[in-house]
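Here the protein sequences come in this chain order: A and B.
The numbering used here applies: residue 1 is where the first sequence begins, and numbers increase by one.
The numbering used here applies: residue 1 is where the second sequence begins, and numbers increase by one.
To be clear, the hints were calculated from the coordinates, so they are not data collected in a lab.
All values derive from a computational prediction rather than experimental measurement.
Please note: incorrect hints may appear among the correct ones.
Stated by the list, open to error - If you anchor each label on the Cβ, the simulated ranges turn out as follows: (1) Leu-528(B) x Ala-134(A): 53 to 61 Å; (2) Trp-124(A) x Ser-531(B): 54 to 62 Å; (3) Arg-51(A) x Gln-459(B): 36 to 44 Å; (4) Gln-459(B) x Ala-74(A): 25 to 33 Å.
To be verified - Computed list of chain A residues with no C-beta within reach of chain B, every gap over 12 Å: (5) Arg-19; (6) Phe-104; (7) Glu-111; (8) Lys-163.
From the three backbone atoms N, C-alpha and C, an ideal C-beta is built for every residue, glycine too.
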Amino acid sequence: MSKSENKTVFIVDDDAGVRRGLSFLLRSAGHAVETFASAREFLERYDNTRRGCVLLDVWMPQSSGLDLQRELQARSWDLPVIFITGHGTIPTAIAALRAGALDFIEKPIHEDALLGSIERALDWEDRHYVEAAAMAELRKRAASLTPREREILDLVAQAEPNKIIAQHLGISFRTVEIHRSHIIEKLGAKTTSELVRMAIALESATVRDAS
Amino acid sequence: MKPAAVVLFTASYVSLDWVSFIHPLHGIGITPWSPADGLSVAVLLVGGYCWAVALFVATLVSSLLLAEVPVGVGALLLGSTIIAAGYGIGAELLRRLWHFSVSLTRPSDLILLLAMALTAPALVAMAYVAVYATTGLVPWSRFGEAASQFWIGDAIGIAVLAPFLLVVRDWLQTRPIEVPRDSLRLGEIFVQFASLTLALFVVFGPIGGHEPFKFFYILFLPLIWIAARQGLAGAVWAVLATQGGLILAFRLHDLSVADVRSFQLLMYALAVTTLLLGAMVSERRRALRALSESEKRLASILDAVPDGVIAIDSAERIQSVNPAVERLFSVTKDRLLGRHVRDLISGPDVDRMLAGAAGPCGEIGGEFLGRRSDDTTFPIELTTGSQHIDDQPHRILVLRDIALRRQAETRARAHQIELARVSRVSIAGQMASALAHELNQPLTAVIAYVRGCLRLLRQQSLQLPLLREGLDEAVHQAERAGIIINRLREFLYDGISHQSSIEVSEIIGAVLDLARPELVQNGIDTRLLISPGLPRLVVDRIQIEQVLLNLVRNAIEAMLNAHTRQPRITIAADVRQLNRVRIAVSDVGPGVAEDVASRLFEPFTTTKPQGMGLGLSISRSIVQAHGGELEMTRNSAGGATFSFALPGHAGP
């Protein structure tokens, strides 16, 4: 329950009865809940900094839940999405999961399944939140590296020993060691293995950004 | 006119002339009896005026052979010409001018013939005798005597022989020839002719002696008897036989010319009387036979009609019935006659039908009950009319058993109801997915509320207001599901159709409850244009809802299949002429194709891939059963409008 503190379950469903019923159940289970009657209302009212997960009805007249999911991704709002539907057909489920939905629940809703799914979503969101925060810090620090230090970090990420790096760059072994100590200091890595992990994370983030 | 026939005719003519050549005045063919001219007239009437030539030849031959004195060629030729022309013209006039029937079927035919037998010989006689007077063979002083003898001789010759020949000819022509066969009738004929012979014997025999005139009237008795019993057919034979007897008597008694002439006048009167009486009797027989045949025909028709026909008198007692009545009421005729008609027929309107407006024309009454003797009843349709029978006012009742028709109607109605129900099941099946979704919503809400309440109950501190709110909402949502279930159950009812008074808006509301899921899920804009103050309808509401739902779903499918942008359905209800309520469903879809429109309401017409094509056909029969008509019109802006108008209920 501690995990769900300051986190909100955002319910988007066109049916007022379902919306209010789910809200009642989740509140009785200790969740903070906010309800929206349509995808548009959610996009208008949701504050990007709020944490939690979205409980989304697949089947809504104006714009479907899948549309809203696409829109969230386009806006890089990394809220986990759980779909609810009375039309739990396999193609819809597959499409939703492919698009990154965390889970898929059929009406009428089984309480344990719903609450379990929400727990997992919030856990995921937690992890995602911590990782995202660490990554942001790492990138901020990496920004202070000189071009030469950045070059050396890339080679460290490939797990090259200092001697090879020196030969590769045509500098002395000693110079490599000095650069490396600067890098460790700037990034705040405690061990060599941590540095390697950081280097890999940065590299894959760069690749992801580029793509 | 075959030569052989001419020869035969000539031979017969000469023979007859020879036989009757009695007391010829002045030695030429002026005799008191000329049966040969009877033959001539009969032949001319049957064969036509061309036989006048044959007659000319025959008279010529006869005069040459029989004349007792030498006659000049000119007088001979002229005399024959007069006879041939006179009777030729007379017969031809009869044939042409008066629709004369040579079979002497009507008394008027006989009268015409007798009239001709009187006038033609008069003219012929004067001309003929004048010719001979001119030649000097007959002195002018005896002209009157000669002409009158000629006249009487020919008139009676024609009156006796011509009808006989015509009747015998007709008798011979009927195939098979009718000969009386039963011995009683033959016996009667024998006795009749025996008494005729006896009468002749009395008149001319020892009793009459030398004063035969005295007893001549006795001859009337057998002749009238024969004519009265045997008709014209008997009369002609009797008259001929009497004449024959008379001639024989002349010969035997050697009567004077004056007596013979007197006898012939009496004979003429006798012949005319007998023949006319015979003709009247024949006519009456024929009329009676025709009447009885028409009565038999009428009776056989009455026997054959499947409807019961009852005649009652002014005291409402049954006077006559046809066999159908016996069948209908399973009772024999003799147990029906004289009974009171109300023992058999009952109904609220029976007084009016039995008293009913006078007049032969049928008055169609409503439905009544027929009661059999075992007290079982059956539905009948009653028609009545008034008739006078034997100058007594009667009412004629025509009864038709409508039990079979009722059964057929009931069966047809049951089929229609069953078909409509099957169609509703089919509609419900097609809507199942949308309805399931619509039911899932409140169920989801109910489960969520109740689960939430259970959670609240597990907590230490009871939050009663929250619990109440949750349970209230759960009940509300369960009721919402209940409404849908009820609508569906009502819609799928399989009971007998029954009519009730209902608001138009209520019908439209119920239809929208069922159609809303599909409308909402497909994003179809729905508009209602319901005029205020509509009269109520008295209808089988489920069937009318079925029609309306069918139209709405057709509109939805048409627009979805055509991928219509901004799909919209308008349901309108307003009052039209004669307090009729018109309900219309319009869409903005592709409309109805020309080739489909012409057979739109026929069964098995469909444009849907899985459609049976029964929806509109059933809808139309439902609307028609409610006194309306289902129609399709094309909207000017595209799409179709289906509408029907039903009679509004007059009361509040």
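Handout entry: Numbers of the earlier hints that this structure fails to satisfy, in rising order
Key = Hints 3, 4, 5 and 7 are the ones this structure does not satisfy, whereas the remaining hints hold.
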